[in-house]
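Engineer: Sequence:
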Amino acid sequence: MYALDVAGSKVLASAAHTREPLAAPPPTAPSMPKNMVSRLCESKKVCAAADMQLQVFYAILDQIYHGKHPLRRSTTDILKETQEKFYGLPYVPNTAWQLRFSHLVGYGAKYYSYLMSRAVASMVWKECFLQDPFNRSTGERYRREMLAHGGGREPMLMVQGVRPGDRASRPTTCSPYLRPAPSAIGPLYPIRGGASQPTTRSPSPCLAHPDWSRLGRVSWTPPMHEFVHWASSL
1 MYALDVAGSK VLASAAHTRE PLAAPPPTAP SMPKNMVSRL CESKKVCAAA
51 DMQLQVFYAI LDQIYHGKHP LRRSTTDILK ETQEKFYGLP YVPNTAWQLR
101 FSHLVGYGAK YYSYLMSRAV ASMVWKECFL QDPFNRSTGE RYRREMLAHG
151 GGREPMLMVQ GVRPGDRASR PTTCSPYLRP APSAIGPLYP IRGGASQPTT
201 RSPSPCLAHP DWSRLGRVSW TPPMHEFVHW ASSL
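The numbering of the sequence shown is full-length UniProt numbering, which starts it at 1 and goes up by one.
Some hints could be false.
To be verified - Derived pair list, reagent style DSSO-like, types lysine-lysine, alpha-carbon separation capped at 27 Å:
1. K45 x K34
2. K34 x K110
3. K110 x K85
Just so you know, the hints here were simulated from the structure itself, not pulled from any lab data.
Being a predicted model, the structure only gives us computed values, none of them experimental.
Please model the complete structure; the sequences and the hints are all you need to start from.
Structural biologist: See the structure below:
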């Protein structure tokens with residue numbers, strides 16, 4: 001099952017306590033020292049906070065660019081102000097790298113979904129696989145509730161289905177890894193024929209998305225300070 005799921009295989013392979021089942025060497029080959037595996041795992045955490053800050057900065061910049069229009073300022077001026085406020089490195093004068101950063105155009109205000117997806121994946125790993133990555137019943141539930149549907153089922157229902165516990169009585173709210181929204185959700189911008197048409201939506205108890213069935217088909221503007229909270233859950 002995991003051989004067909006690249007993301008799942010990568011998570012399992014990077015977990016030190018799964019090294020022997022996944023990478024058993026031939027009888028004549030020397031085994032990789034466990035301290036080497038531990039150092040490799042620890043090396044992946046180097047500069048993790050800096051990378052997270054960069055992703056938060058990208059997500060916030062993306063939200064501003066796709067927010068209220070007209071912007072009334074150049075995209076470069078907005079970039080400079082946002083970078084000085086949300087990123088640790090200063091803006092370099094006379095540069096406009098946002099013009100070459102295609103994610104700010106093609107994703108349509110959804111760059112934040114990188115962070116949200118990592119938070120949800122971390123939640124599933126910690127709740128379902130951390131203690132026993134090769135548990136057969138858990139793996140079957142993951143295949144049945146999440147992988148089998150592809151993109152044909154609401155993401156929230158798939159996440160709820162794979163989590164342990166009584167799924168039939170589980171309330172449709174976010175995991176504690178994602179904090180409830182303190183106020184009403186901002187405007188949504190459904191993409192119709194390439195044009196963004198603002199609409200409104202009632203507040204949701206789930207910050208992750210007011211309606212996960214529309215994830216990927218609309219642009220949603222979450223409160224900017226919530227990106228930091230998402231990052232802390234990873």
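Engineer: Taking the hints in turn, state whether each one holds.
Structural biologist: To see whether the hints hold, each was checked on the structure:
1. For the suggested pair K45 and K34, the alpha carbons sit about 18 Å apart, so the restraint of at most 27 Å is met.
2. Proximity of K34 to K110 is assessed by CA-CA distance (about 40 Å); at most 27 Å being required, the pair is judged violated.
3. The hinted pair formed by K110 and K85 meets the criterion: a straight-line CA distance of about 21 Å does not exceed 27 Å.
The structure shown violates just one earlier hint, number 2.
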